[in-house]
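Trainee: Protein sequence lines, in the order shown, are assigned to chains A and B.
All the letters of the first sequence, read from the start, carry residue numbers 1 to 267 under UniProt numbering.
All the letters of the second sequence, read from the start, carry residue numbers 1 to 181 under UniProt numbering.
Derived by calculation from the structure, the hints in this document are not laboratory data.
Small disclaimer: the values here were computed from a predicted structure and weren't measured.
A hint or two may mislead.
Cut-off 25 Å, straight-line C-alpha distance, at most; resulting in silico cross-link-like pairs (DMTMM-like, lysine to aspartate or glutamate) [what the hints assert, rightly or not]:
hint : chain 1 : residue 1 : chain 2 : residue 2
1    : A       : LYS180    : A       : ASP218
2    : B       : LYS6      : A       : GLU37
3    : B       : LYS17     : A       : GLU189
4    : A       : LYS65     : B       : ASP88
5    : B       : LYS166    : A       : ASP160
6    : A       : LYS65     : B       : GLU50
7    : B       : LYS166    : A       : GLU37
8    : B       : LYS178    : A       : GLU37
9    : B       : LYS128    : A       : ASP66
10   : B       : LYS178    : B       : GLU9
11   : A       : LYS39     : B       : ASP68
12   : A       : LYS169    : A       : GLU189
13   : B       : LYS6      : B       : ASP68
14   : B       : LYS71     : A       : GLU4
15   : B       : LYS181    : A       : ASP160
16   : B       : LYS181    : A       : ASP43
17   : B       : LYS134    : A       : ASP43
18   : B       : LYS71     : B       : ASP29
19   : A       : LYS39     : B       : ASP70
20   : A       : LYS235    : A       : ASP160
21   : B       : LYS178    : A       : ASP160
22   : B       : LYS181    : A       : GLU189
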Amino acid sequence: MNKEGIISSGLLELYAMGLTSAEETRQVEGWVNQYPEIKQELDAIEASLESYAKAHAIVPSSSVKDKIFSHIASEQSADANKIPSIKAAPAPQKVYRIPTYFKVAAAAIIIVLIGSVALNYSYYSKYQSANNELQVAQEKLRQNEQANLAMKTDINVMSDKNSLPVVLKGTPHAPDALAKIYWMKNTGEVYVDPSNLPSAPAGKQYQLWAIIDGKPVDAGMISTKQGIYHIQKMKTFGSAQAFAITLEKAGGSPTPTMDQMYVIAKI
Amino acid sequence: MQDVKKYSEDELVHLLKNRDQSAFSYLYDNYSSVLYGVIYKMLENHELSEDVLQEAFIKIWNNFSNYDSDKGRLFTWMLNITRNLTIDTIRSKGYKKQSKIQNSENAVNNISDKANTAESFDALGIRKHLTLLKNDQKQIIDLAYFGGLTQEEISKTLDIPLGTVKTKMRTAIIELRKVLK
Chain A
1 MNKEGIISSG
11 LLELYAMGLT
21 SAEETRQVEG
31 WVNQYPEIKQ
41 ELDAIEASLE
51 SYAKAHAIVP
61 SSSVKDKIFS
71 HIASEQSADA
81 NKIPSIKAAP
91 APQKVYRIPT
101 YFKVAAAAII
111 IVLIGSVALN
121 YSYYSKYQSA
131 NNELQVAQEK
141 LRQNEQANLA
151 MKTDINVMSD
161 KNSLPVVLKG
171 TPHAPDALAK
181 IYWMKNTGEV
191 YVDPSNLPSA
201 PAGKQYQLWA
211 IIDGKPVDAG
221 MISTKQGIYH
231 IQKMKTFGSA
241 QAFAITLEKA
251 GGSPTPTMDQ
261 MYVIAKI
Chain B
1 MQDVKKYSED
11 ELVHLLKNRD
21 QSAFSYLYDN
31 YSSVLYGVIY
41 KMLENHELSE
51 DVLQEAFIKI
61 WNNFSNYDSD
71 KGRLFTWMLN
81 ITRNLTIDTI
91 RSKGYKKQSK
101 IQNSENAVNN
111 ISDKANTAES
121 FDALGIRKHL
131 TLLKNDQKQI
141 IDLAYFGGLT
151 QEEISKTLDI
161 PLGTVKTKMR
171 TAIIELRKVL
181 K
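Between the sequences and the hints, there should be enough to build the whole structure, so can you do that?
Mentor: If you want it as structure tokens, here you go:
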């Protein structure tokens, strides 16, 4: 079709009116691109229709512009994918939506937080009980070490080549009582093993005496630890004729209470 | 034309492609009453027409990147969007119109009765010229413009062969161009 044929076909008018089929639309757009004269003719047709429309113009209510611009603003600030129902809004309304991904993320964070608190609580309980067990074990270990140390001291005293064991035998007052002394011949140190003495009553304490030149000399208090007697170091004596143990008031006496003598041994 | 143009059409298109809101405001100020007039002629209900106008401008804003000035004038593109939305409204909302011709004829005849008709385009002057158009020429333009009818529907409504819709439309528009000169 030549340019005159196109212009007189009436297709440009239909195109301007929006009445052409898809095929005709493509055809017209092709011509418009190809021929400046056709473009010019179409422009004139459209301008005349524009004027025709202008003759029928009616000013819409001013609220429409507000609605459009608030809608555009909310679309730009929020999710712009969908145009919400325009009919529903009698006045400008901004719709603020919390995006779905944010809701999901918030829910996930809350779940993780709750889980974390539960785990924390569980771990803290386990930590506490483990810590308690550790303290118990440490205390037990410490006691064992002390017992070991005491026993080691006992054994050292007994096995020392210079130690002279002296057995203190029960007096008629306490025939079943028994005690041992280890007297270091080289240093004069005296150790006592009171393990076969009866338990001292409350407020009472055993006291060791060395008999030197017929006179009793205080050799120290025998301490009782948790009811168990260990070998313990007493005062040092270079010479003594006898050793005796009496039951005295706690803290000891300056002179022995003779009727409370439990054991005695002469060297 | 009494409206003072701030932008040329090319400038306006360029700004709108860059999503310039003040250009869009200008576009609204200059074209809303024309588009509203077309919608109102088709629907004859202000509330519904304002809803469609709002929808149309939002669509124009959101789809502006699709506008190609090589394919026609900006107004034609906007009018097609607006008219299609109006036709959708008529069809989808169960909107009933007993006689589209009757209404469109009335619309043309009653133009001077509209108190809120926009005057910014020298509408009165244009309307004076339009009185020079023959009734059957106005009718065929109105059927397409305000009735939203297809070529086939126009052919049936006017009881003329489909082939002559084209030539009648062309004659009417040639006459329109003459009276507007």
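Trainee: Against this structure, judge whether each hint is valid.
Mentor: Against the structure, the hints:
1. A:LYS180 with A:ASP218: holds (17 Å)
2. B:LYS6 with A:GLU37: violated (28 Å)
3. B:LYS17 with A:GLU189: Distance of about 110 Å is beyond 25 Å: violated.
4. A:LYS65 with B:ASP88: Answer holds: LYS65 of chain A to ASP88 of chain B is near 22 Å, not above 25 Å.
5. B:LYS166 with A:ASP160: violated (136 Å)
6. A:LYS65 with B:GLU50: holds (10 Å)
7. B:LYS166 with A:GLU37: holds (20 Å)
8. B:LYS178 with A:GLU37: Holds, at roughly 19 Å.
9. B:LYS128 with A:ASP66: violated (33 Å)
10. B:LYS178 with B:GLU9: holds (24 Å)
11. A:LYS39 with B:ASP68: holds (13 Å)
12. A:LYS169 with A:GLU189: holds (21 Å)
13. B:LYS6 with B:ASP68: holds (21 Å)
14. B:LYS71 with A:GLU4: Status holds; Cα separation ~19 Å.
15. B:LYS181 with A:ASP160: The hint is violated at about 140 Å.
16. B:LYS181 with A:ASP43: Holds, because 15 Å separates the two Cα atoms, which is no more than 25 Å.
17. B:LYS134 with A:ASP43: This hinted pair holds, its Cα atoms lying about 23 Å apart.
18. B:LYS71 with B:ASP29: The hint holds at about 24 Å.
19. A:LYS39 with B:ASP70: Roughly 8 Å between the alpha carbons, so the hint for LYS39 of chain A and ASP70 of chain B holds.
20. A:LYS235 with A:ASP160: holds (18 Å)
21. B:LYS178 with A:ASP160: violated (141 Å)
22. B:LYS181 with A:GLU189: Measuring from Cα to Cα gives roughly 141 Å; hence the hint is violated.
Checked against the numbered hints above, the structure violates hints 2, 3, 5, 9, 15, 21 and 22; every other hint is satisfied.
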